[in-house]
Amino acid sequence: MINKRSKNKSEGGSISPFAIFRSTKSQDIVFVQILKISALLVSIVIVAFLATLLLSSWPFVKTFGLKALVLRVWDPINDNYGALPFIVTTVLVSVLALILSVPFSLSVAFLTKERYLPKRIKDLLTTSLNLITAIPSVIYGFWGLFALAPIMRIIQLKFGYPPYGVGILTAVLVLTIMIIPLSASIASEVIKLVPEELEEASYALGANTYETNLKVILPIARSGILAGFLLSLGRALGETMAVTMVIGNFNNFPSNLLGPSNTIASLIANQFNEASGIHQSGLIFLGLILFLITLIFNFTGNLLILRRLQK
Amino acid sequence: MRKILLATLLLGLISTLKAKGVELTGAGATFPYPLYSKMFDVYYQTTGVKVNYQAIGSGGGIQQLIAKTVDFAGSDAPMTPEEESKAGTEVLHIPTCLGAVVITFNLKGIKELKLTPDIIADIYLGHIKYWDDPRIQKLNPDVKLPKLPVTPIYRSDGSGTTFVFSDYLTKSDIKWAEKLGRGKSLNWPKGVGGKGNAGVAALVEQIEGAVGYIELAYAKQNNMPVALIKNKKGNFIRPDIESISKAADVKIPEHLRVSITDTDNPEGYPISSFTWILIYKDLSYLKDMRKAQELYKLLYWMTHEGQHYTKELDYAPLPQSVVKIIEKNLKTLTFEGKKLQ
Chain A
1 MINKRSKNKS EGGSISPFAI FRSTKSQDIV FVQILKISAL LVSIVIVAFL
51 ATLLLSSWPF VKTFGLKALV LRVWDPINDN YGALPFIVTT VLVSVLALIL
101 SVPFSLSVAF LTKERYLPKR IKDLLTTSLN LITAIPSVIY GFWGLFALAP
151 IMRIIQLKFG YPPYGVGILT AVLVLTIMII PLSASIASEV IKLVPEELEE
201 ASYALGANTY ETNLKVILPI ARSGILAGFL LSLGRALGET MAVTMVIGNF
251 NNFPSNLLGP SNTIASLIAN QFNEASGIHQ SGLIFLGLIL FLITLIFNFT
301 GNLLILRRLQ K
Chain B
1001 MRKILLATLL LGLISTLKAK GVELTGAGAT FPYPLYSKMF DVYYQTTGVK
1051 VNYQAIGSGG GIQQLIAKTV DFAGSDAPMT PEEESKAGTE VLHIPTCLGA
1101 VVITFNLKGI KELKLTPDII ADIYLGHIKY WDDPRIQKLN PDVKLPKLPV
1151 TPIYRSDGSG TTFVFSDYLT KSDIKWAEKL GRGKSLNWPK GVGGKGNAGV
1201 AALVEQIEGA VGYIELAYAK QNNMPVALIK NKKGNFIRPD IESISKAADV
1251 KIPEHLRVSI TDTDNPEGYP ISSFTWILIY KDLSYLKDMR KAQELYKLLY
1301 WMTHEGQHYT KELDYAPLPQ SVVKIIEKNL KTLTFEGKKL Q
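Residue numbers (my numbering), protein chains in the order written: chain A, 1 to 311; chain B, 1001 to 1341.
Worth flagging that the hints you see were computed from the coordinates, not collected in a lab.
Do not rely on the hints blindly, as some may be mistaken.
What the hints assert, rightly or not - Once the Cα atoms are required to be at most 30 Å apart in a straight line, the calculated DSS-like pairs of lysine-lysine come out as:
1) B/LYS1068 with A/LYS67
2) B/LYS1144 with A/LYS67
3) A/LYS158 with B/LYS1129
4) A/LYS67 with B/LYS1179
5) B/LYS1179 with A/LYS62
6) B/LYS1050 with A/LYS158
7) B/LYS1175 with A/LYS67
8) A/LYS158 with B/LYS1147
9) A/LYS158 with B/LYS1108
10) B/LYS1190 with A/LYS158
11) B/LYS1111 with A/LYS158
12) A/LYS62 with B/LYS1086
13) B/LYS1068 with A/LYS62
14) B/LYS1147 with B/LYS1129
Said to hold, decoys possible - Sample of chain B residues lacking proximity to chain A, with all beta carbon distances greater than 12 Å (derived):
15) ASN1140
16) LYS1281
17) SER1284
Just so you know, these numbers come straight off a predicted model, no measurement behind them.
All C-beta atoms, glycine included, are put in the ideal place defined by N, C-alpha and C.
Generate coordinates for the entire structure from the input sequences, incorporating the hints supplied.
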């Protein structure tokens, strides 16, 4: 393809300073070099990122050590910095949202493949999935605050909790809805890759739709689906705007799932603007922790996928 | 064709360079931003001097002033000793207007309430749990208070509003001073946080029995009920332009970096505060005498003619007593040893 095009162009005959790139070989070299440089740049950005976080959080670590990871009180006025509640809430909210989203996104993914559905409906489903993925998170936040919170208030009253409306469960539900389309669209792409012959063979052997989907297709597509879930977990861990709007921003351990709390991302979003000195450094340290949590989840996920592929 | 294009481009560039006079840059507090943009717009139309102001928050403004990347900073709180030592040389605090923090609430059919600082503190500390608490009922004998849980709402983002609110309660309530103190982000023991005035207002409007603190301008523009607060002299004061200006009409030290919450003025609203513009006393670092001169003129204008624009935007103008002290302060500005005028 490339060869053909470059030949056609050089036949044009006009002399230009770019003529030197017209020959196939030099074109390839340039192309490969561009790829290499881009790849290198991405790695440099990640390393630089980590270096900046480390450097800016150093004053905090030097003063307080790592005990912020196990302390519980976050009080910038008296220079008490305990981050345990935020770490716990971050992991809790994201994992809960992921668990809640799994059945829904799997069902949607299987549905986009089913043959008995007309193609038009399937296309509509896929397009709307992709569209929902593109909705900005602040919109989800608004929706959570003005539509979901009043419903949560009724539930909170029923269970005898203060009717704040906002809180951990509200944040979990908003996050769940946010990540369903993401994991569903990845899962559906992976499921489409499963060879049709397998599916046909399964039906030929007398298996029903349930058995075919869960016992034939799912095991094959599992690693890809898992990767999709991991990506969505990453989004849930770092989600800032929507969570800040609905989690209640209470800097303490959640007393129950309906009560308010704060995640690392929402705490940073709230306090960074007006923070200075050691307080600012502490918030950057929390950013580093969030970075590490995301890395840990991703690495374990990749390990799981690799192990399954090797089997 | 290309040459013509290039020539016009060059001409355009030259003409913009020529038209460009002195330009001033500032950054900082978001609270006075609507007023500042109005003031700077009028100032540009009358004098031709362009002033850029970025509302990035008081803390950010002070950091940029210390880094000397801006000509002035806007701040809702005076500089801390730590920030001042970083700045190196003396920084003048020039008040530009007054604002107030009001207490708003969501109680069906109740438009007005009287509150005292110890009740506000006990609500936020979690000691007062229901609205029909005998202490609140005693202050408001004509109001039928419901047996409804009190939900305190606070600003979750670090803000000058929280600073003013907590500064007031630190002065007026001993329990508050011991447990929470003053600052831009507190360790709240109870309630939920909303981001910005809008976030607090949204939560208060949604939750029946909620109480929150927001800027006066925001409460007024959204027709939210506000509480009358008992001041130091024992009078219940409604927050409005006059009572806020009165709060600053007391004996003020010459350096002007003073908190006027819990004012001694019997007619003053007690949760009022200045908002300041911060500039270096020695402006030599600007390198340009004209720029220093324009900065001086701008500040003089803002604290004199500029005050006419405060009321329409729900800010309170500076009382004459304060303007007199500002004039004295502005006269101490220097550029390479020379006085400005």
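| query | Taken at face value, is the distance from the CA of B/LYS1108 to the CA of A/LYS158 at most 30 Å? | reply | holds, 21 Å
| query | Straight-line Cα separation of B/LYS1068 and A/LYS62 no greater than 30 Å? | reply | holds, 28 Å
| request: Mind checking the alpha carbons of B/LYS1147 and B/LYS1129 for me, to see if they're no more than 30 Å apart? | output: holds, 10 Å
| Minimum Cβ distance from B/ASN1140 to chain A greater than 12 Å, as the annotation requires | holds, 23 Å
| said: Given the hinted pair B/LYS1068 and A/LYS67, is their Cα-Cα distance within 30 Å? | reply: violated, 36 Å
| Hint consistency between B/LYS1050 and A/LYS158 [alpha-carbon to alpha-carbon, up to 30 Å] | violated, 58 Å
| message | Given the hinted pair B/LYS1190 and A/LYS158, is their Cα-Cα distance within 30 Å? | response | holds, 21 Å
| Holds or violated: B/LYS1179 with A/LYS62, Cα cutoff 30 Å? | Answer holds: B/LYS1179 to A/LYS62 is near 27 Å, not above 30 Å.
| Straight-line alpha-carbon gap B/LYS1175 to A/LYS67, limit 30 Å | holds, 29 Å
| task | Find the nearest Cβ of chain A to the Cβ of B/LYS1281 and say whether that gap is larger than 12 Å. | result | holds, 22 Å
| field | Holds or violated: A/LYS67 to B/LYS1179, with C-alpha atoms at most 30 Å apart | value | Measuring from Cα to Cα gives roughly 23 Å; hence the hint holds.
| query | Within a Cα-Cα threshold of 30 Å, do A/LYS62 and B/LYS1086 meet the stated pairing? | reply | holds, 20 Å
When held up to the earlier numbered hints, the structure conflicts with 1, 2 and 6 and fits the remainder.
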